[in-house]
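The hints should help you fit chain B onto chain A, whose structure is shown.
Top to bottom, those sequences are chains A and B. Note that the first sequence covers residues 33 to 249 in our numbering. Note that the second sequence covers residues 472 to 767 in our numbering.
The reader is advised that the hints may include incorrect statements.
The list that follows gives simulated cross-link-like pairs (lysine-lysine, DSS-like), each with its CA atoms no further than 25 Å apart [to be verified]: (1) K691/B / K121/A; (2) K59/A / K78/A; (3) K229/A / K213/A; (4) K104/A / K691/B; (5) K121/A / K78/A; (6) K121/A / K490/B.
Hints were generated in silico from the structure; no laboratory data involved.
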Amino acid sequence: MIDMFHVSKCYDGSTKALDDITIKIEKGEFLFLTGPSGAGKSTLLKIIFGSESPTDGQIIIDGRNYYRIPRKEIPPLRRRIGFVFQDFKLLANKTVYENVALALNVMGVGQREVRRRVLRILSYLKIQHRANFSPMSLSGGEQQRVAIARALVKEPAIILADEPTGNLDPVLSIETIELFKEVNNKGTTVIIATHDKSLIDRYAKRTAHLEAGRFIY
Amino acid sequence: MGSVSNLFYFITDSLRSLKSNILTALFTSVTLGFALAIFALFLVLFLNINWALGNIGDNTKVMLYFSGSATPAEVRRFTTLVEGVEGVRSAKYVSSASALGELKDEFSGQDLFDGIESGMLPASFEVKILPGYREPERLSAVVAGLKRLKWVDSVEYSAEWAARLSSVLNFVELAALLFGLFLGVATIFIITNTIRLTVYARRDEIEVMRLVGASDFFIKAPFFIEGVVQGVGGGVISFGLLLLWSSILVAKIPDYLAFLVVMPVSLSAMFIMLMLTGIAAGVAGSFISLARFMKI
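Isolated chain A (complex conformation) (with noise of 0.2 Å):
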């Protein structure tokens, strides 16, 4: 599904956030992608995502090349993923509905179907309630899970989760993966950063640990 060879992202000329990352990622696994803070995590996940170009080295997913991805090809790209980020990026100035449903508006689809996996994924992620209010007034709780929503409602064939318990109590915190477990035995791909060693103890799933750019088996 992913296969990421020597790949290196330099800023600013010197700064190595990843270097020399080589690593397979099959369809249908589920990754756990851990480190401190700082150590590449984010913009792995990034340059996966097409929102960053590799300085180096190859990334192929569903055996396209994805080296320096022309600009007109990055859209379709993240239709196909779900991305869930560590500060939501919710919209206060749409309703949940709304925020959820840009998803599938995005893609061109019709707005009755639109509406029926809405009302669908928000009902199966128990926040159906909230519809119609703002993200704003919601809990961070609820907030992760409009988030959630808006990644998992295009049904993507990859999901990509930046630290999505950062903000999150423990309960919270396991209900959130368990959510992201059950999207997985579905057969999607789904990539986790995070840094909570709890949460991976927990789940006997791979992991891959980043230090300063690098992995460390």
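Chain B only, in chain A's frame:
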């Protein structure tokens, strides 16, 4: 189906955005309206001044004198010959008798010309010059062409008048060009900066749209529609302001200057032109402002 759904989404999204940012949208339309109205008023004044100067230029005439009298057949032939000279718009025959008549009319009530016979004054042709030939150098060339006609005794024209008129026209055109350029640049600057405010207010939305996989077209389309709506608003406001300002000016300025605010085109044509310019400015302003935020 997808494109119809998208169009529906773009329209509803644009209207919702305009509604939720109604004050900013109104501010943009009003600014656009004022900027366009100022520019349009300038154009109206400039076109009317130019028209008035052109009319004064119509007085640029050359007199051709010849001795003796001419038969009607000769007058027709001479007229054709004179009008055949490059730069001549028209030629009018003035016989000795009518020249004396005009003179007597001019000094009516005085007996200066009593007893003078009509043959005392030479017959002439009053030659009017085409607009493009009224500058001193080109006028000299026209006069030289007229002098080459064998039957012509003498040619008279006011070189000083032509030179003064030409310099006034050149100055007005240069001043109008510079002022128009300044006004045009200022208008574009004001419009793009005002619209940038509306785009800036939605920068988070642009970022999130990009992150969920929106194409450039999908992001730009609602702004395009908003630009059109704001442009229409600006067009209507500018038309209203132009009518208001011209009516105020007509009331305030002396009658002999009233021609300055006469609309050079019909009101409906003026309305359409302002609307189209408003829409073009609104859309261009949206796209120029958007370009900055598309690099997220």
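Quiz prompt | 25 Å Cα cutoff - pair K691/B, K121/A | solution = holds (20 Å)
Quiz prompt | Pair hint K229/A and K213/A, alpha-carbon separation not exceeding 25 Å | solution = holds (17 Å)
Exercise. Measure nothing beyond the straight line between the CA atoms of K121/A and K490/B; if it is 25 Å or shorter, mark the hint as holding.
Key: holds (23 Å)
Exercise. Starting from K59/A, check that the Cα of K78/A is at most 25 Å away, please.
Key: holds (19 Å)
Quiz prompt | Given hint K78/A paired with K121/A - CA-CA distance at most 25 Å | solution = holds (15 Å)
Quiz item: Does the structure keep K104/A and K691/B at a Cα separation of 25 Å or less?
Solution: holds (14 Å)
The structure fails none of the hints (numbered hints given earlier).
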